[in-house]
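A.B. asks: Sequence:
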Amino acid sequence: MSLSRWGIANPLPSLLAFVILTIAGLWGLHKLPISQLPDIALPTVQVTVGLLGATPSILETDVTRKVEDAVASIADIKKITSSVSEGTSVTKIEFELGRDIDAGLDEVRDAVMRLRRELPADIDEPVVQRLNLVGGTVIGYAVASQRMGLDEISWFVDDTVAKAMYGLPGVGSVSRSGGREREVRVDLRPEALQALGVTAGSVSNQLARLQLERPGGRTEAGGAEQAVRTVAVVRTAADLADYPIYLPDGRTVRLSAIATVADGAAEPRSAAMLDEQTVVGFSMRRTRGSSEVAVGEAVRKAVAKLQAEHPEVTFTEVVASVEDAKASYDSSMSMLLEGALLAVIVVWLFLRDWRATWISAIALPLSVVPTFAVMWWLNFSLNLLTLLALAVVIGILVDDAIVEVENVARHRAMGKPPLQAAIDATDEIGIAVIATSATLAAVFVPVAFMPGVTGKFFREFGWTAAAAVLFSLLVARLLTPMMAARFMSHEPARAEDSPLMARYLRWVDLALHHRRWALGLAMLTFVASLALIPLIPKTFVPSTDETRVQLQVELPPGARMSDSLGVAKEVRARLRGGVPEIKSIFTSIGGDSSETMSGGLSFPEVRRILLTLEFSRGSGRSTAELENAVRGLLREMPGVRVQFSAGGPGDRLTLGVAGKDSEQLSRSARELAAAIRAIPGLGSVNTSA
Numbered sequence: 016m017s018l019s020r021w022g023i024a025n026p027l028p029s030l031l032a033f034v035i036l037t038i039a040g041l042w043g044l045h046k047l048p049i050s051q052l053p054d055i056a057l058p059t060v061q062v063t064v065g066l067l068g069a070t071p072s073i074l075e076t077d078v079t080r081k082v083e084d085a086v087a088s089i090a091d092i093k094k095i096t097s098s099v100s101e102g103t104s105v106t107k108i109e110f111e112l113g114r115d116i117d118a119g120l121d122e123v124r125d126a127v128m129r130l131r132r133e134l135p136a137d138i139d140e141p142v143v144q145r146l147n148l149v150g151g152t153v154i155g156y157a158v159a160s161q162r163m164g165l166d167e168i169s170w171f172v173d174d175t176v177a178k179a180m181y182g183l184p185g186v187g188s189v190s191r192s193g194g195r196e197r198e199v200r201v202d203l204r205p206e207a208l209q210a211l212g213v214t215a216g217s218v219s220n221q222l223a224r225l226q227l228e229r230p231g232g233r234t235e236a237g238g239a240e241q242a243v244r245t246v247a248v249v250r251t252a253a254d255l256a257d258y259p260i261y262l263p264d265g266r267t268v269r270l271s272a273i274a275t276v277a278d279g280a281a282e283p284r285s286a287a288m289l290d291e292q293t294v295v296g297f298s299m300r301r302t303r304g305s306s307e308v309a310v311g312e313a314v315r316k317a318v319a320k321l322q323a324e325h326p327e328v329t330f331t332e333v334v335a336s337v338e339d340a341k342a343s344y345d346s347s348m349s350m351l352l353e354g355a356l357l358a359v360i361v362v363w364l365f366l367r368d369w370r371a372t373w374i375s376a377i378a379l380p381l382s383v384v385p386t387f388a389v390m391w392w393l394n395f396s397l398n399l400l401t402l403l404a405l406a407v408v409i410g411i412l413v414d415d416a417i418v419e420v421e422n423v424a425r426h427r428a429m430g431k432p433p434l435q436a437a438i439d440a441t442d443e444i445g446i447a448v449i450a451t452s453a454t455l456a457a458v459f460v461p462v463a464f465m466p467g468v469t470g471k472f473f474r475e476f477g478w479t480a481a482a483a484v485l486f487s488l489l490v491a492r493l494l495t496p497m498m499a500a501r502f503m504s505h506e507p508a509r510a511e512d513s514p515l516m517a518r519y520l521r522w523v524d525l526a527l528h529h530r531r532w533a534l535g536l537a538m539l540t541f542v543a544s545l546a547l548i549p550l551i552p553k554t555f556v557p558s559t560d561e562t563r564v565q566l567q568v569e570l571p572p573g574a575r576m577s578d579s580l581g582v583a584k585e586v587r588a589r590l591r592g593g594v595p596e597i598k599s600i601f602t603s604i605g606g607d608s609s610e611t612m613s614g615g616l617s618f619p620e621v622r623r624i625l626l627t628l629e630f631s632r633g634s635g636r637s638t639a640e641l642e643n644a645v646r647g648l649l650r651e652m653p654g655v656r657v658q659f660s661a662g663g664p665g666d667r668l669t670l671g672v673a674g675k676d677s678e679q680l681s682r683s684a685r686e687l688a689a690a691i692r693a694i695p696g697l698g699s700v701n702t703s704a
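In this note's numbering, the protein residues as written are 16 to 704.
Just so you know, not all the hints are guaranteed correct.
[Stated by the list, open to error] SDA-like, lysine to any residue: derived pairs with alpha carbons at most 25 Å apart:
| hint | residue 1 | residue 2 |
| --- | --- | --- |
| 1 | Lys471 | Asp91 |
| 2 | Lys553 | Ala447 |
| 3 | Lys93 | Arg474 |
| 4 | Lys316 | Thr469 |
| 5 | Lys471 | Trp391 |
| 6 | Lys598 | Ser637 |
| 7 | Lys94 | Leu112 |
| 8 | Lys46 | Glu353 |
None of these hints come from the bench; they were simulated from the model.
Computed from a prediction, not measured in an experiment: that's the story for all the values here.
Using the sequences provided together with the hints, build the complete structure.
C.D. replies: Below is the structure:
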């Protein structure tokens with residue numbers, strides 16, 4: 016017995032199955048996260064080694080090269096990228112797609128542990144971790160206060176705000192930019208050291224033993240066993256100034272006799288400004304599998320609560336991707352509903368029977384809604400590609416049901432009773448309907464197996480489209496015949512064809528009588544379509560009109576904080592005078608926010624300036640036009656490089672030149688940049704070491 020015959024004979028199990036599938040789909044829709052693009056976590060492991068005060072050249076020789084050599088023999092490594100800054104070495108090991116990242120993490124950790132004894136003894140313990148964060152900054156704020164100093168705001172962000180943010184589901188990291196770090200400075204006096212015969216290294220070693228808490232074993236007191244701690248700490252800067260320093264001859268002097276001790280702020284390595292006001296910024300990134308919209312809304316509620324609890328502090332939202340993800344989701348869902356409505360209208364225009372129309376149209380929700388359950392089971396999200404897949408197949412989902420219903424109507428017109436007409440009609444076209452849906456699924460499933468990073472994105476597209484098509488086949492073979500047998504019991508209409516159908520049939524008759532002309536016209540259309548392909552712009556993600564864009568300004572190596580502050584002030588002045596659409600400018604110098612732009616390995620450097628430009632809505636110019644205006648204003652600034660964030664008009668291609676001779680590398684990079692500057696359509700070409 017075929018599936019259609021079984022469905023007609025057993026209507027209750029068929030209805031119950033689709034009720035369960037619909038409930039599962041609604042539950043999946045409720046649980047699915049919302050994001051702009053699928054979460055792509057490349058199999059990457061990061062090794063971080065710190066050595067306080069070490070120069071990049073020392074770290075490269077003593078740490079970075081040894082780490083690279085130790086992990087180079089691990090199988091399935093795609094590339095190894097290292098970056099060194101003062102005091103920190105970071106090595107990223109990217110494995111081939113499909114590699115078990117947990118096994119790769121264990122192998123990298125084992126290699127680093129074997130290498131540990133060859134590394135300098137005074138390094139921090141190497142940190143080997145898997146990179147789990149996805150995407151860029153979800154939402155960021157600027158914090159200001161009229162009654163709190165910059166150091167107090169910094170502590171407020173590090174303590175109160177960070178604790179509140181980390182308590183929210185989906186928040187992966189909280190980064191602060193700007194503000195001040197507390198630092199107790201000990202400035203040694205060379206003449207005093209020389210007179211007493213003590214070296215700076217000896218003083219440093221003695222001070223390093225101050226802040227120690229070590230286990231001291233066990234003891235018995237009052238008939239009970241207690242743990243003992245050895246505590247050697249100072250509580251205040253005054254206590255530190257009175258700390259005794261041992262001299263080579265056995266005498267001691269107070270630290271204040273050979274040094275000046277001050278409790279204050281550390282040298283600023285980052286700064287943040289909202290327009291011209293100095294502020295402290297913080298931003299959040301989400302974990303893999305979490306919803307951009309849910310995380311953003313949770314953060315906004317938490318910030319509103321903090322604002323109510325601390326009225327002396329002002330929070331200003333300066334960057335967010337929440338609106339873009341929410342707008343993409345809302346527009347895609349609206350497009351799905353509009354497509355479904357138009358499909359139903361077209362079905363009615365051709366069938367001219369409201370019963371046949373709603374029997375066919377019910378295949379739309381019963382195909383789309385269960386697909387959400389499959390998406391949730393496969394850990395997908397409601398993003399641009401999965402919603403695009405549903406939009407692509409929305410008109411296809413009713414095809415099988417229309418064919419079934421139209422054939423049932425034809426058999427009813429022969430005078431057969433409804434039950435027999437449904438059985439005969441579905442048996443007659445069963446193989447054709449199955450073949451049609453199987454062919455569509457065979458088109459979409461291979462898309463899910465595309466290789467490379469692009470395949471990681473389109474995996475969700477392929478499986479979502481294939482699942483929806485297969486659910487539509489299940490509806491057409493199980494539910495549609497049963498409904499047609501019971502609800503198409505009226506006497507079939509024998510009216511003339513509608514004007515639309517009559518016109519369509521005349522065109523079909525004309526094409527059949529002039530086959531060569533019809534085939535020639537089809538071939539000509541096909542060739543003309545292929546000829547238009549070179550004229551269509553190519554990009555992975557289409558450009559969008561956004562109200563916020565990010566702009567990075569980078570100064571030459573060696574630039575100081577004062578230089579960056581001056582350049583940032585000049586950039587803001589130029590933009591204010593030349594782009595009236597700018598509503599606000601958030602500036603971040605150094606800090607973790609520099610990683611938002613680079614997308615790779617980077618460190619807090621005072622020569623990197625990140626500006627978030629917010630444009631007023633309804634300005635009349637597109638984002639691309641505004642970016643071109645900004646480029647024109649900043650192109651003549653000497654000694655700086657300017658680029659926009661990735662995506663849309665700011666898409667970037669990064670090329671690397673490898674070698675051992677630094678002068679030859681610089682010369683080769685300049686020659687490469689000069690060669691490609693002539694390519695039309697490039698916004699800027701920059702070289703960096």
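A.B. asks: Next step is simple, just say for each hint if it's right about the structure.
C.D. replies: Hint check:
Between Lys471 and Asp91 the CA atoms are separated by roughly 18 Å; this keeps the pair inside 25 Å, and the hint holds. Our distance criterion of 25 Å between C-alpha atoms is broken by Lys553 and Ala447, whose separation comes to about 37 Å. Under the criterion of a C-alpha separation no larger than 25 Å, the hint pairing Lys93 with Arg474 is consistent with the structure, at around 21 Å. At roughly 35 Å between alpha-carbon atoms, Lys316 and Thr469 are farther apart than 25 Å, so this suggested pair is violated.
A distance of roughly 17 Å separates the Cα atoms of Lys471 and Trp391; the hinted pair therefore holds under the 25 Å criterion. Of the supplied pair hints, the one linking Lys598 and Ser637 holds, its CA atoms being roughly 15 Å apart against a limit of 25 Å. Between Lys94 and Leu112 the alpha-carbon distance is near 12 Å, which keeps this suggested pair within the 25 Å criterion. At most 25 Å may separate the alpha-carbon atoms for a hinted pair to count; Lys46 and Glu353 meet this at roughly 24 Å.
Figure legend: structure checked against the earlier numbered hints; hints not met, in rising order: 2 and 4.
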